[in-house]
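**Q** One line per chain: the protein sequences are A and B, in this order.
The first sequence begins at 1 in the working numbering and counts up by one.
The second sequence begins at 1 in the working numbering and counts up by one.
Incorrect hints may have been included.
Residues of chain A clear of chain B, computed beta-carbon distances all greater than 12 Å [unchecked claim]:
(1) E4
(2) L18
(3) R27
(4) M31
(5) F36
(6) I37
(7) A58
(8) L69
Computed Cβ-Cβ distance ranges for the label pairs, DEER-style [stated by the list, open to error]:
(9) E53(A) x E225(B): 15 to 25 Å
(10) E23(B) x W49(A): 14 to 24 Å
(11) R139(B) x T50(A): 53 to 63 Å
(12) S10(A) x D15(B): 51 to 61 Å
(13) P136(B) x I11(A): 33 to 43 Å
(14) P35(A) x E23(B): 53 to 63 Å
(15) P215(B) x L69(A): 56 to 66 Å
(16) P63(A) x T201(B): 19 to 29 Å
(17) R19(A) x E225(B): 28 to 38 Å
(18) W49(A) x P215(B): 13 to 23 Å
(19) L30(B) x E53(A): 44 to 54 Å
(20) I25(A) x D15(B): 54 to 64 Å
(21) A123(B) x S10(A): 37 to 47 Å
(22) E4(A) x A132(B): 27 to 37 Å
If you are wondering where the hints come from, they were derived from the structure by calculation, not from laboratory data.
Virtual Cβ for every residue (Gly too), placed ideally from N, Cα, C.
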Amino acid sequence: MELEWNGIPSITLVHEALRGSAEAICRVSGMAGYPFITVDYPHVPTAIWTDDEIASIAKAVAPEVHRQLSA
Amino acid sequence: MGTVQAPQHEYLDVDALVDDYHERGWTDGLPIVAPTPEKVERFLAVAGLRGDEVLGHVPTREVTVTAEQVAINAVMAGCRAEYLPTVIAAVRAHLHEKANCHSTTGTLSGAFQMVIVNGPARAALGVACEGACFGPGFRANATIGRALRLVIRNACRAIPGFLDRASFSTPARYSMCFGEDEEGSGATWRPMHVERGFAATDSTVTVQSVMVVVPATDFTARTPEAVCDTLVATIRSKGTSGDAFLEGAGEVVVVIGPEHRRFFLEAGWSKDDIRANLHPRITALDGPGRPVKFPDTEPERLLLVAAGGPGMGESWVFIPHLSRAITEPIRTAVTTSP
Chain A
1 MELEWNGIPS ITLVHEALRG SAEAICRVSG MAGYPFITVD YPHVPTAIWT DDEIASIAKA
61 VAPEVHRQLS A
Chain B
1 MGTVQAPQHE YLDVDALVDD YHERGWTDGL PIVAPTPEKV ERFLAVAGLR GDEVLGHVPT
61 REVTVTAEQV AINAVMAGCR AEYLPTVIAA VRAHLHEKAN CHSTTGTLSG AFQMVIVNGP
121 ARAALGVACE GACFGPGFRA NATIGRALRL VIRNACRAIP GFLDRASFST PARYSMCFGE
181 DEEGSGATWR PMHVERGFAA TDSTVTVQSV MVVVPATDFT ARTPEAVCDT LVATIRSKGT
241 SGDAFLEGAG EVVVVIGPEH RRFFLEAGWS KDDIRANLHP RITALDGPGR PVKFPDTEPE
301 RLLLVAAGGP GMGESWVFIP HLSRAITEPI RTAVTTSP
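Isolated chain A, as found in the complex:
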């Protein structure tokens, strides 16, 4: 959000387990409804991911990242 406030288009990736925290931060920052992309299980929430896992997550979220950046 701070990047957004500085005029830099940005994308936020959040694990589904931490959705509640992300929504709370958006709310207290005055940006309720700020869009973020979620990563879900079987990927662990703490992002201790293998290189292959990271590549597969990147491939999976890329279309939505592109869509949000060009919206």
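We have chain A; now place chain B onto it with these hints.
**A** Structure of chain B alone, referenced to chain A:
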């Protein structure tokens, strides 16, 4: 005329009462709720108990604990009336001979009493089982655990510098109470109280006195076997000695968080499957670290409990003091306060 037998005191206001209770050594240092005779009687009525009903003894201290004493301390702790049957069950469990009140509340190690709630009472009372359940923020957890500790202080005489001889003590002695996340642990996991002989529809309290708490943190494990490896290493980092009075070591409690639990559930492992993996390895005399001195024939002394919230790849290991974990039924139907 009321039925409360305890000596009564009059105060100009609540502040004066709180100050006087603190000066007399009747609190844990935090403010308390005034235990008026009316409140104490209402609590006992909700629990369906007479005030003079004896719940147990601490023979070495010449202590007999009555329902009235427990009701007074439950009011002081901030309980709602409907929590009292759960507090009563926790007190009965703690006063069981093998729970070893005198040792576990007087010890230099500063052991604390862990209260685990199972069954329908969790939802009825609002006992937290998921995220942050070991910490502050939940009235039932905070006050049920505190009530037991106030009973230990005020009825069982475990007062720092007197019969409480802890070198450091622990903040967990203010309160430590949570529920098992039975709903979040799948059909293959039997709740702890069912494993210990109760019906799923029963509500129970299990109390264990704990000397050491060790988080078993592992973000990289992706299989049940890998989580078990971490649990074995964590348990053996402390181990626990046996005691003839307890017929071996008391129950080790492992609270398995959801990020570890899901690997067991996805692979179809029951709690017994986990025990079959862990028990021989934590009791082996020749492994790394220190073994747990369980009898070979009693793997059920390893208590497995589901609780906690998502996020951390973590389970928690609770190493007992010289005590057996005791499970008591919550005997009175749960009702709602007016």
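**Q** Taking 12 Å as the cut and beta carbons as the points, is L18(A) off the interface with chain B?
**A** Violated, because the least Cβ-Cβ distance between L18(A) and chain B comes to about 6 Å, which does not exceed 12 Å.
**Q** Between P35(A) and E23(B), does the beta-carbon spacing fit 53 to 63 Å?
**A** holds, 58 Å
**Q** With d taken as the least Cβ-Cβ distance between I37(A) and chain B, does d exceed 12 Å?
**A** holds, 18 Å
**Q** Does the no-contact call for E4(A) survive, Cβ to all of chain B over 12 Å?
**A** holds, 25 Å
**Q** Holds or violated: the 56 to 66 Å window for the beta-carbon distance between P215(B) and L69(A)?
**A** violated, 39 Å
**Q** Can you tell me whether the CB distance of E4(A) to A132(B) sits inside 27 to 37 Å?
**A** The hint (27 to 37 Å, Cβ to Cβ) holds, given that E4(A) and A132(B) are roughly 30 Å apart.
**Q** Return holds or violated for the Cβ distance of R139(B) and T50(A) against the range 53 to 63 Å.
**A** violated, 43 Å
**Q** Given the hint of 28 to 38 Å, is the C-beta distance from R19(A) to E225(B) inside that range or not?
**A** Once the Cβ atoms are compared, 30 Å apart, the range 28 to 38 Å for E225(B) and R19(A) holds.
**Q** A range of 15 to 25 Å was offered for this pair. Does it hold for the Cβ distance of E53(A) and E225(B)?
**A** Because 20 Å falls inside the window, the suggested range holds.
**Q** For the pair E23(B) and W49(A), does the Cβ-Cβ distance stay inside 14 to 24 Å?
**A** The hint (14 to 24 Å, Cβ to Cβ) is violated, given that E23(B) and W49(A) are roughly 57 Å apart.
**Q** Within 37 to 47 Å or not, the Cβ separation of A123(B) and S10(A)?
**A** holds, 41 Å
**Q** Are I25(A) and D15(B) spaced within 54 to 64 Å by their CB atoms?
**A** violated, 39 Å
The structure is inconsistent with the numbered hints 2, 10, 11, 15, 16, 20, although it conforms to all the rest.
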